[in-house]
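Engineer: Place chain C on chain U using the hints.
Sequences listed follow chains U and C, in order. With our numbering, letter number 85 in the first sequence gets 85, and the count goes up by one each step, no holes. With our numbering, letter number 78 in the second sequence gets 78, and the count goes up by one each step, no holes.
Take these hints with a grain of salt, some might be off.
Where chains are identical, the list cannot tell them apart; a pair therefore holds if satisfied intra-copy or between any two copies.
As the list claims (entries may be wrong) - Once the Cα atoms are required to be at most 30 angstroms apart in a straight line, the calculated DSSO-like pairs of lysine-lysine come out as: (1) K155 / K25; (2) K95 / K155; (3) K40 / K95; (4) K25 / K43.
These aren't lab readings, by the way, just hints derived from the structure by calculation. These numbers were taken from a predicted model, which means no experiment stands behind them.
Chain by chain, the residues:
Number of protein chains: 2
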Amino acid sequence: MTRNILYLAVSLLLIGGIAFAGNQKPLPAPNGITIPEGYKNWKLIASSHRSDNNTMRVVLGNDTAIASARSGKTNPWPEGSILAKLVWKNTTHEKWPTATIPGEFVHAEFMIKDTARYKDTGGWGFARWKGMEQAPYGEKADFVQECFGCHTPVKDSDYVFTHPAVIPE
Amino acid sequence: MTRNILYLAVSLLLIGGIAFAGNQKPLPAPNGITIPEGYKNWKLIASSHRSDNNTMRVVLGNDTAIASARSGKTNPWPEGSILAKLVWKNTTHEKWPTATIPGEFVHAEFMIKDTARYKDTGGWGFARWKGMEQAPYGEKADFVQECFGCHTPVKDSDYVFTHPAVIPE
Chain U
1 MTRNILYLAV
11 SLLLIGGIAF
21 AGNQKPLPAP
31 NGITIPEGYK
41 NWKLIASSHR
51 SDNNTMRVVL
61 GNDTAIASAR
71 SGKTNPWPEG
81 SILAKLVWKN
91 TTHEKWPTAT
101 IPGEFVHAEF
111 MIKDTARYKD
121 TGGWGFARWK
131 GMEQAPYGEK
141 ADFVQECFGC
151 HTPVKDSDYV
161 FTHPAVIPE
Chain C
1 MTRNILYLAV
11 SLLLIGGIAF
21 AGNQKPLPAP
31 NGITIPEGYK
41 NWKLIASSHR
51 SDNNTMRVVL
61 GNDTAIASAR
71 SGKTNPWPEG
81 SILAKLVWKN
91 TTHEKWPTAT
101 IPGEFVHAEF
111 MIKDTARYKD
121 TGGWGFARWK
131 GMEQAPYGEK
141 ADFVQECFGC
151 HTPVKDSDYV
161 FTHPAVIPE
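Bound conformation, chain U alone (with noise of 0.2 angstroms):
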């Protein structure tokens, strides 16, 4: 009876750990930025091809966003816009060696649109997530200087480099 019992709440523990992993959220970041639900679901904004780096990027939009890329107003971009950037690294499609295409998943990197509190760094929260297992990056809650720093030569669109892609209505 004694053991069955112990069985009984080795099993529960188990379950309830597995539960656990799979719920996992990833980390907030250091600044407090929790990342975004169901990013990888949002639209399509824009592509690059970075060959300083050697990464291909595609930046989404949650539904504020997307409605001001479509209307052509994202000079300033409204409030509670979120632009998500998603980075690989390059590789060669192996049938056409002429095409770069996503690799490995380097990161997902976010900027959050809230004037009010994220006034010192132009309106924008940024945070990234490294990896697969999508680890926070930067070490204090100034990481974001780095961030804002890398910007900050886009102040005259908002501090956004993205152009949103042009698609037919």
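Structural biologist: Just chain C now, with coordinates in the frame of chain U:
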């Protein structure tokens, strides 16, 4: 009175004409395929950059294709899958010269999986609409032989070049 009725009739015709122009769908492809509705709102499968013809590409999928891509079951892709490839001419980011980004829109092209209907072309219906005006590609229905010929080297991956990009859960 007669003149007022004439004005009214002309006004209604004009309004009708504008409404028609606003809702105008691209013409069907020569093989009868009509452009899939709302494809620009579909979810992401992958991207690519072809240096042989200097184009950037993003591949989106309908819900059937996305479910299949996310579960890794794409050989074969299931019936009803539609892949949409959006293609732009290369351009360079004005503030980041090593970033190639989408410029002018070239075309949107589609692969529609219906094994019975398209048995002569690997189970896939092919179609393409050119430019922002979305003009159907091809003179006659046999234009698909050009599409199919180009996809024959990837027969072993169900005639599809695109490998779904890896994205965290």
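Engineer: Evaluate each hint against the coordinates.
Structural biologist: Now for the hints, and whether the structure bears them out:
no. : hint       : result
1   : K155 / K25 : neither (33 angstroms within a copy, 39 angstroms between copies)
2   : K95 / K155 : between (41 angstroms within a copy, 11 angstroms between copies)
3   : K40 / K95  : both (27 angstroms within a copy, 27 angstroms between copies)
4   : K25 / K43  : both (22 angstroms within a copy, 22 angstroms between copies)
Hint compliance for this structure: hint 1 alone is broken.
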